[in-house]
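Asks: Each chain is listed here by its residues.
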Amino acid sequence: MSERTDWPLWEVFVRARRGLSHTHAGSLHAPDAEFALRNARDLYTRRGEGVSIWVVPSAAVTASSPDEKDPFFAPAADKPYRHPTFYEIPDGVKHL
Amino acid sequence: MTALAGGAAGGTASAGAGAPGTAGAAGQAPDARTAAFDAAVAAEERIEPRDWMPDAYRATLVRQMAQHAHSEIIGMQPEANWITRAPSLRRKAILMAKVQDEAGHGLYLYSAAETLGTGRDELLDKLHAGRQKYSSIFNYPTLTWADVGAIGWLVDGAAITNQVPLCRCSYGPYARAMVRICKEESFHQRQGFELLMALSKGTPEQHAMAQDAVDRWWWPSLMMFGPPDDESAHSAQSMAWKIKRFSNDELRRRFVDICVPQAEALGLTLPDPDLRWNPDKGENGGHEHGPIDWAEFQAVLKGNGPCNEQRIAQRRAAHEEGAWVRDAAAAYAAKHAAGEHGKAEAA
Ligand SMILES: [Fe+2]
Ligand SMILES: [Fe+2]
Chain A
1 MSERTDWPLW
11 EVFVRARRGL
21 SHTHAGSLHA
31 PDAEFALRNA
41 RDLYTRRGEG
51 VSIWVVPSAA
61 VTASSPDEKD
71 PFFAPAADKP
81 YRHPTFYEIP
91 DGVKHL
Chain B
1 MTALAGGAAG
11 GTASAGAGAP
21 GTAGAAGQAP
31 DARTAAFDAA
41 VAAEERIEPR
51 DWMPDAYRAT
61 LVRQMAQHAH
71 SEIIGMQPEA
81 NWITRAPSLR
91 RKAILMAKVQ
101 DEAGHGLYLY
111 SAAETLGTGR
121 DELLDKLHAG
131 RQKYSSIFNY
141 PTLTWADVGA
151 IGWLVDGAAI
161 TNQVPLCRCS
171 YGPYARAMVR
181 ICKEESFHQR
191 QGFELLMALS
201 KGTPEQHAMA
211 QDAVDRWWWP
221 SLMMFGPPDD
231 ESAHSAQSMA
241 WKIKRFSNDE
251 LRRRFVDICV
261 PQAEALGLTL
271 PDPDLRWNPD
281 KGENGGHEHG
291 PIDWAEFQAV
301 LKGNGPCNEQ
311 RIAQRRAAHE
321 EGAWVRDAAA
331 AYAAKHAAGE
341 HGKAEAA
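Going down the list, the sequences are from chains A and B. Using our numbering, the first residue of the first sequence is number 1, and each one after it goes up by one. Using our numbering, the first residue of the second sequence is number 1, and each one after it goes up by one.
Next comes chain B alone, as it looks inside the complex (with noise of 0.2 Å):
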């Protein structure tokens, strides 16, 4: 039997940071090893913490779980701008709702980041001084409160596209964290739906500011799923792995499919007149969609967007605005750890 030095339990958390090799595997030839790894891989088994896998493997888990992690709080700020000016109570308190579960969802793949060996703090280091990225849907911004209703219907709706295929991502709790993750972004995307619903059959100019939300984020949306396929980077290597299911082009592809039927329902366009239905595409046909500006995503991604420098700021602010907490919290702990002990009964 090993102990567990940072944690444990072949759940979210692990241990053996960074220890390839751990007991079972460690006598082997590397060669054994990388077999048996992809052996697993190929027969649909899920790696664990634990398990020998390739650096590359590793590497290319930590930085996609990290930088989805940092969308995820990120992601609570463009929302967030409006919750105090929400229209009514109800909007608000689901507002609330939305925006603490993607803290929630941070949380979560924070956790499954950590079982590969990476702590916390190195982590949100990397984000504020801008090492690791988030998705660059976030660096624009929410001008109006339609903007809270395209994000829901288009951003989340779009995250949910990419999403439902890495639960049965190879890495195990990668796959669990992002299964948790689904369960509580449907009502996301719905919340989104309903509220540009409602705008759009309200009066002429809540219609208009609909109408106007859409156009803005239809392309940036389109983006989330990166590149396309000839020109991504990591994508041939991450399907070998089956940490990614589809190609980037699929899935956007199956996304805006989705999305024309739902724009319809709403009473509202998108700002495409290239878009066609083409009865020729696939095995069932599909829509045509025009050229992504691939020149804006990529300015935006390198830093240019119109909020970059704003979410980092107000992300660095956050963080050490709180540290006073997290001081008086640990102070806590350690008052109380040294008088009375034996707070935790098990229920």
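Excised from the complex, chain A in its bound form (with noise of 0.2 Å):
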């Protein structure tokens, strides 16, 4: 019997056409990189979802704090002068 530990874990991410950016489709097991790409096609592209695949070791991934009030987000709270909507403009004024 074989040795029972599970491969390691990859994150899988496609490019669904050119013009857009790599986007998380899932995980999934593999021995080596180069076994994850090929699972990720087979996987996460078998009906033409994909013209690019990038797999990264679950494990390289540092992650924020998953809570959501993380103090960590909060400087972006208190600084709405960084949306247009925060502007007042005279009605009428036009390509602004």
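Calculated from the structure, these hints are not laboratory results. Do not take every clue at face value.
Unchecked claim - Listed below are the simulated DMTMM-like cross-link pairs for lysine to aspartate or glutamate, each with C-alpha atoms no more than 20 Å apart in a straight line:
hint	chain 1	residue 1	chain 2	residue 2
1	B	Lys183	A	Glu49
2	B	Lys335	A	Glu49
3	B	Lys242	B	Glu44
4	B	Lys183	A	Glu34
5	B	Lys92	B	Glu194
6	B	Lys126	B	Glu320
7	B	Lys242	B	Glu45
8	B	Lys242	B	Asp38
9	B	Lys126	A	Asp6
10	B	Lys281	B	Asp229
11	B	Lys335	A	Asp6
12	B	Lys281	B	Asp249
13	B	Lys92	A	Asp42
14	B	Lys201	B	Glu264
15	B	Lys242	B	Asp229
16	B	Lys126	B	Glu321
17	B	Lys302	B	Glu231
18	B	Lys201	B	Asp215
Hints given; two lone chains; assemble the complex.
Replies: Now the structure itself:
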């Protein structure tokens, strides 16, 4: 019997067509990057969903805290002047 | 920032395996976390892998997603039984594509289950040991080629009726897997319908074969929606958690209403003498059907269906006979990791 350990987990990103960025499609197990690419092709692009695939070891992803109210994102909350709707422009002024 | 130990990216994969109270939620009191969870569910927000969630919610999801994943891969067997005997190259190519899709569905769902910290090996072990279930529909045999059509039309049809509402399940990775699966399912149902149509319009023998298949698959398909609402053990809680959106009986009613006119179009009958239209049912009327044999359902569930042993034995054999492939791939990966690096260039 073989050693019972799962192959490493990989995150799969697919570019649907030229001009679009790669988007996270899902994940899969594979022994190495080359197999991960092949498996990703078979698993996530069976109907022409992509023209390019990235695979990234899941363990290599660094993420922010899952809490949406995390203070990490607080600096963005009190700066409404970064949005165009913050500014008052008289009616009738065009192309602004 | 937290490095993700076991997986990542807020996608299907995850981490924080079994780590309730990661990061942000860690400092909160237990009832505050429950309140935050309940509020998120009530507001139709999605729960993501690293969010705090009640242990029972996690356990329910792991059980349901695992059972769903197992059903997809066990479900490959009854249809694969006919690949070598498909009547034309066209039908053979279609059937292979369908069975391959079901493997894919299994993989999407195992990934989704893994986001809650249960490894794939563990899930497969439980399937092989009979400690986790799969849909009992796959314990019926595929006796003729027409069964491939009846499965596509009725079994995939029932699965679609069940799965469309799961696209709005409160658990994000499960909902995302279901969106992908539902996109692929409609081909499954249509190819089955078309196959039955060809037989139904064929020779008298072919027509009889199609009718026989529908006669055998109709009742087990209705059982796929699970026990009646008043006997369904987990339903109420799953509805409250918005894992489930409609009751078993409601989904079953919808399915019957969809199938009746489709059977007419096929020129086939459904094997239920009590099936009739009731204009007073619900808002717009609906079909009444005869009693379902729940004793049969329970017997198959307990392992006494026609094919229970065969399905698990075949699954175990496939797993064990594939061991050398997994070993070889791992050895190859280890050898190359020791040698050259940087194989995975971004394109
Ligand atoms: Fe499926
Ligand atoms: Fe399917």
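Asks: Indicate, hint by hint, whether the structure satisfies it.
Replies: Hint check:
no.	hint	result
1	Lys183/B <-> Glu49/A	holds, 12 Å
2	Lys335/B <-> Glu49/A	violated, 33 Å
3	Lys242/B <-> Glu44/B	holds, 8 Å
4	Lys183/B <-> Glu34/A	violated, 28 Å
5	Lys92/B <-> Glu194/B	holds, 14 Å
6	Lys126/B <-> Glu320/B	holds, 15 Å
7	Lys242/B <-> Glu45/B	holds, 10 Å
8	Lys242/B <-> Asp38/B	holds, 10 Å
9	Lys126/B <-> Asp6/A	holds, 15 Å
10	Lys281/B <-> Asp229/B	holds, 17 Å
11	Lys335/B <-> Asp6/A	holds, 18 Å
12	Lys281/B <-> Asp249/B	holds, 13 Å
13	Lys92/B <-> Asp42/A	holds, 19 Å
14	Lys201/B <-> Glu264/B	holds, 13 Å
15	Lys242/B <-> Asp229/B	holds, 16 Å
16	Lys126/B <-> Glu321/B	holds, 18 Å
17	Lys302/B <-> Glu231/B	holds, 17 Å
18	Lys201/B <-> Asp215/B	holds, 17 Å
Hint compliance for this structure: hints 2 and 4 are not met, and every other hint is.
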